[in-house]
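A.B. asks: Sequence:
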Amino acid sequence: MLNGIIELIRFAVITFLAAVAANVVVSLVAYVWAKIIRVQGHELELRGRLARYARIATGLTNRVEARKNTAAGAATHLFTAQRHEKQLKSRIRELEKCPHRFVRMIGAEQFPNKPYEFLVINSSVSHQVKRGERHPFYDSSWAQPCPVHVWARGPEEAKAEFERVYPKASGFKVVYVQPLTGAAAPKDSGDSEGVETATSEVEPA
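Residue numbers (this note's numbering): 3 to 207.
Treat the hints as calculated values from the structure; they're not laboratory data. Keep in mind the model is a prediction, meaning the values are calculated, not measured. Every residue gets a Cβ at the ideal spot worked out from N, C-alpha and C, and that includes glycine. Treat the hints with caution; some may be incorrect.
[As the list claims (entries may be wrong)] Straight-line alpha carbon distances no greater than 20 angstroms define the calculated EDC-like cross-link-like pairs of lysine to aspartate or glutamate that follow:
| hint | residue 1 | residue 2 |
| --- | --- | --- |
| 1 | K175 | E111 |
| 2 | K116 | E159 |
| 3 | K175 | E163 |
| 4 | K91 | E163 |
| 5 | K170 | D141 |
| 6 | K116 | E165 |
| 7 | K37 | E47 |
| 8 | K161 | E111 |
| 9 | K175 | E158 |
| 10 | K88 | D141 |
| 11 | K116 | E158 |
[Unchecked claim] Distance windows between CB atoms, simulated:
| hint | residue 1 | residue 2 | range |
| --- | --- | --- | --- |
| 12 | T63 | V27 | 50 to 56 angstroms |
| 13 | I38 | T60 | 30 to 36 angstroms |
| 14 | K91 | R54 | 51 to 57 angstroms |
| 15 | A21 | T60 | 29 to 35 angstroms |
| 16 | K91 | H129 | 18 to 24 angstroms |
| 17 | K161 | P138 | 25 to 31 angstroms |
| 18 | R166 | L90 | 16 to 22 angstroms |
| 19 | A36 | A68 | 47 to 53 angstroms |
| 20 | W35 | F13 | 29 to 35 angstroms |
| 21 | R65 | P138 | 30 to 36 angstroms |
| 22 | T72 | F113 | 47 to 53 angstroms |
| 23 | P138 | G50 | 54 to 60 angstroms |
| 24 | I58 | A20 | 24 to 30 angstroms |
Kindly produce the complete structure, drawing on both the sequences and the hints.
C.D. replies: Structure below.
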């Protein structure tokens, strides 16, 4: 009788321990499986973030390269313009020092246009020369009356063309105007030595 009770108790304990062990194993497997799923989910999300960051970084790199190319092109244009400006300034100084008369011209020397001479000064340049300074845009020769020959059909057209090229807003003032007739009028290209043709509204200094 006693042995039977002992066997029964032993069986019950073994069954209980086996059930507990099975539950522990199932719990561990479930925990590990949940961790694996969770890690895989984070990994996929992290990969998506890294892909987005890579696309953003590529876009920024492309923008930086485009800005570099634009800046390089602008710098090239700037250096070219500065070189041309130096050449023009040097040419103007040479013409100012030469013994020939330096005349600026507007318009085409062709029929039925007639030549008109404008004596012009620039008040802004004149004021700065008196202060011992240089004008940032115009040559110092504009401080004194400078001759400008305008070829036009009539005096009104000549005045309008002159004001288009040398506007009053930039400080240009006409001292005297007269039509050129006879020997005073340029006749051909051989007489145009020391002549500058004004084609833009602002003349470099």
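A.B. asks: Next step is simple, just say for each hint if it's right about the structure.
C.D. replies: Going through the hints against the structure:
no., hint, verdict
1, K175 / E111, "violated (24 angstroms)"
2, K116 / E159, "holds (10 angstroms)"
3, K175 / E163, "holds (14 angstroms)"
4, K91 / E163, "violated (24 angstroms)"
5, K170 / D141, "holds (16 angstroms)"
6, K116 / E165, "holds (17 angstroms)"
7, K37 / E47, "holds (15 angstroms)"
8, K161 / E111, "holds (16 angstroms)"
9, K175 / E158, "holds (16 angstroms)"
10, K88 / D141, "holds (12 angstroms)"
11, K116 / E158, "holds (12 angstroms)"
12, T63 / V27: 50 to 56 angstroms, "holds (53 angstroms)"
13, I38 / T60: 30 to 36 angstroms, "holds (33 angstroms)"
14, K91 / R54: 51 to 57 angstroms, "holds (55 angstroms)"
15, A21 / T60: 29 to 35 angstroms, "violated (58 angstroms)"
16, K91 / H129: 18 to 24 angstroms, "holds (21 angstroms)"
17, K161 / P138: 25 to 31 angstroms, "holds (27 angstroms)"
18, R166 / L90: 16 to 22 angstroms, "holds (20 angstroms)"
19, A36 / A68: 47 to 53 angstroms, "holds (48 angstroms)"
20, W35 / F13: 29 to 35 angstroms, "holds (33 angstroms)"
21, R65 / P138: 30 to 36 angstroms, "holds (35 angstroms)"
22, T72 / F113: 47 to 53 angstroms, "holds (48 angstroms)"
23, P138 / G50: 54 to 60 angstroms, "holds (57 angstroms)"
24, I58 / A20: 24 to 30 angstroms, "violated (57 angstroms)"
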